[in-house]
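Student: What follows is the residue order along each chain.
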Amino acid sequence: MFEKLTDFALKNRLLILVLGVLTIVAGYYSYTRLPIDAFPDVSQNLVQVFTVTEGLAPEEIEKYVTYPVETAMNGLPSIKKIRSVSNFGLSVVNIYFEDNMDIYFTRRLVNERLQEAKEQIPEGFGEPALGPISTGMGLILFYYLEDSTGTYSLEELRSIQDWVVKFNLQTVPGVTEVLGIGGYEKQFHVILHPERLLRYNVSLPEFIETIKANNLNVGAQFLERNAEEFIIRSVGLVTSLEDIENIVVKSDDGTPIYLSQIAEVKIGGAIRIGLQTHNGVSEVVSGHVIKLYGTNSSTVIGRVEKKMEEINKMLPEGVRIVPYYEQKSLVVAAVATVTNALVYGIGLVVLVLLVFMGGIRPSVVVALAIPFSVLFAAILMRRVDLSANLMSLGGLAIAIGMLVDGTIVIVENIERMFHEADPKESKMHIIARACAEVGRPIIFSIAIIIVVFIPLFTLQGVEGKTFGPLAYTVAFAMLGSLLFAIFFSPVLASFMMKRKKIKENDKNNSGETGLIKYLLLIYRPVVKFFVKRRSFAVGISVIILAIGAVIFPQLGSEFTPKLQEGTIALRLTMAPSIALTESTRIAQIVERRLMKVDEITGVVTRIGRGEVGAHTDPVNSAEMFILLKKPEEWVNGSNQEELQDYIRDQLGEIPGVATNFTQPIEMTVDELLEGIRAELAIKLFGDDLDVLKEEADKIAAVIGEVRGAADVQVDQISGTPQLLINVDRHAIARYRINVEDVQETIQAAVGGATAGQLFEGIKRFDILVRYHEEHRSTPEQIGNIFVQTPAGAWVPLKQLVTMKEVVGPRQITREDNQRFITIQCNVIERDIGSFVEEAQQAIDKQINLPTGYFVTWGGQFRLQQEANKRFAVVIPATLMLVFLMLFSSFNSLKNSLLIILNIPLALVGGVVGLWLAGENLSVPASVGFIALFGIALGNGMVLVTYLNQLIRDGLSYDEAAVKGASLRLRAVLMTAMTTGLGLTPLIFSHGMGSEVQRPLAIVVVGGLVTSTILTLLVIPSIYRWFSVAPIKAVPATTKEIK
Amino acid sequence: MKLLLIYICTFLLVMTPVALFAGDGHDHDEKSEQSENKKQDDHGDEHGDEEKIVTMTNEELVEFGVFLSKAGSGVIRKEIVVPGEIAVNSDRLAHIVPRFTGIIKDVRKKVGDPVKKGEVLAIVESNESLKAYEVKALMDGTVIDKDATIGEVHSTDMPAFLIADLDTVWVNLSIYQVHLPFVKLGQDVIVTLGHGQKSQEGKISYISPLVDEHTRTATARVVLDNKSGEWRPGLLIEGIIGISTSEASIVIPKTALQRIDEVDIVFLQSDEGFIPQPVVIGRSNHSSVEIVHGLTEGQTYVSKGGLTLKSELQKGSFGEGHSH
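These protein sequences, in sequence, are chains A and B. Just so you know, my numbering puts 598 at position 507 of the first sequence, and the rest follows in order with no gaps. Just so you know, my numbering puts 1295 at position 42 of the second sequence, and the rest follows in order with no gaps.
Heads up, some of the hints might be wrong.
Negatives, chain A to chain B, calculated, CB over 12 Å [unchecked claim]: (1) 112; (2) 120; (3) 155; (4) 556; (5) 711; (6) 941.
Only pairs whose alpha carbons sit at most 20 Å apart, straight line, appear in this in silico PhoX-like list of lysine-lysine [unchecked claim]: (7) 1437(B) to 1456(B); (8) 1331(B) to 889(A); (9) 1323(B) to 1507(B); (10) 515(A) to 589(A); (11) 1456(B) to 895(A); (12) 397(A) to 257(A).
So the derived label-pair ranges between C-beta atoms look like this [as the list claims (entries may be wrong)]: (13) 1468(B) to 851(A): 40 to 48 Å; (14) 154(A) to 1468(B): 34 to 42 Å; (15) 819(A) to 1523(B): 39 to 47 Å; (16) 218(A) to 1343(B): 56 to 64 Å; (17) 343(A) to 1468(B): 47 to 55 Å; (18) 855(A) to 1481(B): 43 to 51 Å; (19) 1481(B) to 851(A): 38 to 46 Å; (20) 362(A) to 1437(B): 35 to 43 Å; (21) 1534(B) to 959(A): 53 to 61 Å; (22) 347(A) to 1343(B): 28 to 36 Å; (23) 347(A) to 1546(B): 53 to 61 Å; (24) 1534(B) to 830(A): 29 to 37 Å; (25) 834(A) to 1534(B): 29 to 37 Å.
For the record, the hints were derived by calculation from the structure and aren't laboratory data. A virtual CB, placed ideally from N, CA and C, is assigned to each residue, including glycine.
Make the full structure from the sequences, and use the hints.
Tutor: What follows is the structure in structure tokens.
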């Protein structure tokens, strides 16, 4: 059957050629249109619903906003989880969907349900809106506005940001949102002096209504005059500060009382829940550009940068946009790392081919396999929406050496046949024969390499998303190389390779060329020696295995090496009760400390959050972007990690601030994952926050007693001081005041109330009515706010309410429609399964949870268990599949076992390689081991097939072993060296992202060394034990084998 | 031998990958997490028994704006703020009524003119006697109202002039029900126009025995010296009534107080560092507070910037950012 494929190719050479060219063209087309990212996007399929309700405490947000939104989302298809956070002034509901759902479809589903939710949210409590159409990788560019003149106020700069910069940037294709932060949003402030309200007897609601009633335009259809239509519009909008001042609030005895008599009107800034600072000296106005889902980061950034140049020209003299973070250089660097590795890899592979093939023509045929397979993979990548990134391109870099393996074997065989064959035999026939001889093992060995990657496809979560693309591209490229080997290499060989004139004296030399001739001089006696003394071969194998067994436990382990993004970010967490002014002061102290480090050229800090869409941090959290000199100018560290350590040292402990060094993308992704990092996470669900806290503390105490418990920690859910104003119903009854009147007064007087907007062209600014600072800054002053009774008398608030200072929740988190609190715990020196069992029993016995309260057990251990369970099935299944393939290829259990024997010895090489390089056992290393399986199996297969053939030809085992090994030396060495050298650029690369690829490459290269030794020495040696025929019946074997 | 080898190989083959996957993964993360948590524990997550000390160098105190003071005695003045109005001193007001109904022949003074006692304000021709007579000022003061026009017939049931002595004015303070029990005769009042404008001191000289039926407020009155004439009747003012003034042996600013776990504390400086000292609070006003227990004279405490110290104590419980 396999022969037929090759025959078909050889018979339709032109068709095949055309197809090949088409594939390459289509591949190139696809490649240039692949979206390019730095890393695979690991964020989950998530739709976020944001609702901003200014000034509302977490409890109210939860009750009025979060709950209706959350419940409306229940029952949508393919929902994984609904999680919500109710913060001060902000509700965020995260709806996680299954990964296979289309993002636009999920958004539509959510949006439909949101209409329901909107009806449930009381008037004035905010409009829920969907988050940007983006992912955790979407924050592609941050900038701030630099004012070199020093004359622009923060309000003016913010207006420039909101109405000029943002406006224009949002038109750039691929930009889904631009979020502003910092400075002050311009507002028109109407600052009330309460005693004047008393003096003129104007109540606060009346006052606000008056402003609203004096600010509108209307249209009144049209007028016909002289057969013409005149559109009638009546203009009554306030257009300036003076217009507001001249609003008549009341008329007393014919004397108009103007607004300016009661209040001051001035331009001011909106109340802030976040800002940005710069270098510890000033505040800055800033913007965050978010790219649209599925667009190409570097292209979008390029467009944004171009647009920025245009905008810079529009901006007032001295004001300039300064980008301080962009993902493009990261993307470029990450892609450069792998493309460099690819290019060097290809170069090295070609070099190997030239040296071993001893001719340019066959080398070209083999080398062509690389572009073909890579471009073939590109076509498939585009089909399955895989972006070009560090991991997917990394997969290609890994595969480079393997891509040529199949073709090498074929071409090498063709070449050998050309030498050996009868000069009268036609060229085509020889090629067909050569292909037929090795076709089957090639197909199987490549198929096996693809199959061994199956376990990687079953990885879930972050690892799955990180390494999935790698597995895909390897599989795609290998498939391409298979097609090339079967169809294209014979055709190309027929066109390009020439039969050499055979000299008589060369005949015994089997046409071996240059280098191989000398290698054989050494190799042949060695293999003979091994074949004679099998115990020696076994001994060596056992020793190698023993070395592996000794070294293996010494390897450290880590999950995934951290991807270095090239930008250092520092996250500060301050006291939950901290005020924005204080957190700004502290952040600037930290900024000043950082600025003392030589390598740091600037620091830009975001405190709290700006416009809603990306960040939800409260004001006690700050994120610092540390801007660095070029790496060449670093003195105190040669790479990011070292420099980061140095900066950490220089920074020292910061009193009252928890610090955490991280990176921009890492930070966003962590934020979206909201995962729990501890092994064990017990979630206690229930209604009452106090009860939750109390019971959680009890559970923590019980768990702490269980043997093996470490780092038991209960979530801090409270810590935000509140001034709780309770309306005294009896008191208001005496004055016949409604609760609403009291509440509205409190809201407007203390927090401010919006009384319409002022338009300046298309710009619109809120008109905010609020008491003068002197009348609302302390609880005493708030107590003195006056409320007018229906009878017209004025009553101070103190007489109507009770005020209490309490500590409230800092935020309320919910999952699956319920409030919860988490108790985290790690387990040491004991098996986690038994620990959980014991802990569960202890809790059941000692803690009596109130009705409606329950616990769930989860955490990393659950994920790990699930992953292990999955692997426990998938890996043996894969091995079974491999074994079946081997078996169906050889029809022999023993042969299959001999080939599988390759695996453990190859693994040892990988382990030793890791140990020598000082790397840990990690997920990428495991991926390397998987690749190693395939390669080792492939090598073994080709050799064993050939040995079998020689046996069939009537040679004795020992003769066959020596002859076969010698003949296959070139092929085995070449495939090993191409694969190994193809990977070496990754080992020595220090580029962006190389830290993830390195362990993988080391494992494969290390493993190749041992597995090649095994293939060349041990397999021929012990072949006779695993051969298909009885040992003694040597001469008769050929006939018995079918 | 052969079988054994086959067995070993198969075993290795099956076990190695399983071990690889089962073993790799989260160990490293856990380790770092553990050490992080340990560190947090060192900072003291559980409050109570263990001694908790925060150390900061002098440079850090300056850098982070932490100020120290020595505990000592002080005065706590409790105040309430009430709205009020400047009114004419009714005790120093004269209604000038023409003795007989008649035609006003001449008006000599207009509103705002200062007058002396006995000065002629207007000439009226009596309807009965048809004689002109002089209407004179009854006291020194200022004409604050006038209802006299030449030629009109002025009756005797209405004053033609109001003369007030504006050297003193009344400050009528509205005392609400909640404040009423604290307001006493003789208490000091600072009368102020607010917003950094003029202010002047006075004493409460009268408290109305009734509460106004309409406004439900009682009136407390201060007679204010107004030689300058700036306290114009009709002005709205704020009165800050000192309802009690007391000496206390330890008085500290309110900025020194911090709350940890519902307990008030003050950070005390000791040789090892700063210790959170629970204190019992006595009387207080908007800015100062008396410490009844927990602080002794001469001790050095943190008077401002204590949040930094409190944060440092509780740092371990901040968690990672805002999530989970």
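Student: Taking the hints in turn, state whether each one holds.
Tutor: Quick rundown of the hints versus the structure:
Interface exclusion of residue 112(A) from chain B stands, the closest Cβ pair being 41 Å apart, more than 12 Å. In this structure residue 120(A) is separated from chain B by more than 12 Å, as the shortest Cβ-Cβ distance comes to about 38 Å. Look at residue 155(A): its CB is around 21 Å from the nearest CB on chain B, clear of 12 Å, so calling it non-interface holds up. For residue 556(A), the requirement that its beta carbon stay farther than 12 Å from each beta carbon of chain B is met, with the minimum near 16 Å.
Chain B draws residue 711(A) into its interface by the beta-carbon criterion, the shortest separation being 8 Å against a cut-off of 12 Å. Non-interface call for residue 941(A) relative to chain B: holds, since the shortest CB-CB distance, roughly 23 Å, exceeds 12 Å. Restraint check for residue 1437(B) and residue 1456(B): satisfied, since their Cα atoms lie roughly 10 Å apart, inside the 20 Å limit. A hinted pair counts as satisfied when its Cα atoms are at most 20 Å apart, and residue 1331(B) with residue 889(A) qualifies at roughly 16 Å.
Between residue 1323(B) and residue 1507(B), the direct Cα distance comes to roughly 14 Å. Compliance with the 20 Å bound is thereby established for this hinted pair. Of the pairs offered as hints, the one joining residue 515(A) and residue 589(A) holds, with about 14 Å between alpha carbons and a cut-off of 20 Å not exceeded. With a CA separation close to 32 Å, the supplied pair residue 1456(B) and residue 895(A) exceeds the 20 Å bound. Of the pairs offered as hints, the one joining residue 397(A) and residue 257(A) holds, with about 14 Å between alpha carbons and a cut-off of 20 Å not exceeded.
The hint said 40 to 48 Å for the Cβ distance between residue 1468(B) and residue 851(A), and at roughly 43 Å that hint holds. For the pair residue 154(A) and residue 1468(B), the beta carbons lie near 37 Å from each other, so the given range of 34 to 42 Å is met. Checked against the hint of 39 to 47 Å, the C-beta distance between residue 819(A) and residue 1523(B) comes to roughly 45 Å, which is consistent with it. For the hinted restraint 56 to 64 Å between residue 218(A) and residue 1343(B), the CB-CB distance of approximately 58 Å keeps it satisfied.
As the Cβ distance of residue 343(A) to residue 1468(B) is approximately 18 Å, the hint placing it in 47 to 55 Å is violated. Distance hint check: the CB atoms of residue 855(A) and residue 1481(B) are about 48 Å apart, consistent with the given range 43 to 51 Å. Remark: the range hint 38 to 46 Å for residue 1481(B) to residue 851(A) is upheld by a beta-carbon distance near 45 Å. At about 41 Å, the CB distance of residue 362(A) to residue 1437(B) agrees with the hint of 35 to 43 Å.
Distance hint check for residue 1534(B) and residue 959(A): the Cβ-Cβ separation is about 57 Å, which falls inside the suggested range of 53 to 61 Å. At about 31 Å, the beta-carbon gap between residue 347(A) and residue 1343(B) stays in the expected band of 28 to 36 Å. For the pair residue 347(A) and residue 1546(B), the supplied restraint of 53 to 61 Å holds, since their beta-carbon distance comes to about 60 Å. The hinted window of 29 to 37 Å between residue 1534(B) and residue 830(A) holds, with their beta carbons roughly 32 Å apart.
Judged by the Cβ atoms, the range 29 to 37 Å given for residue 834(A) and residue 1534(B) holds: they are separated by roughly 31 Å.
Hints 5, 11 and 17, counting from the list given before, are not met by this structure.
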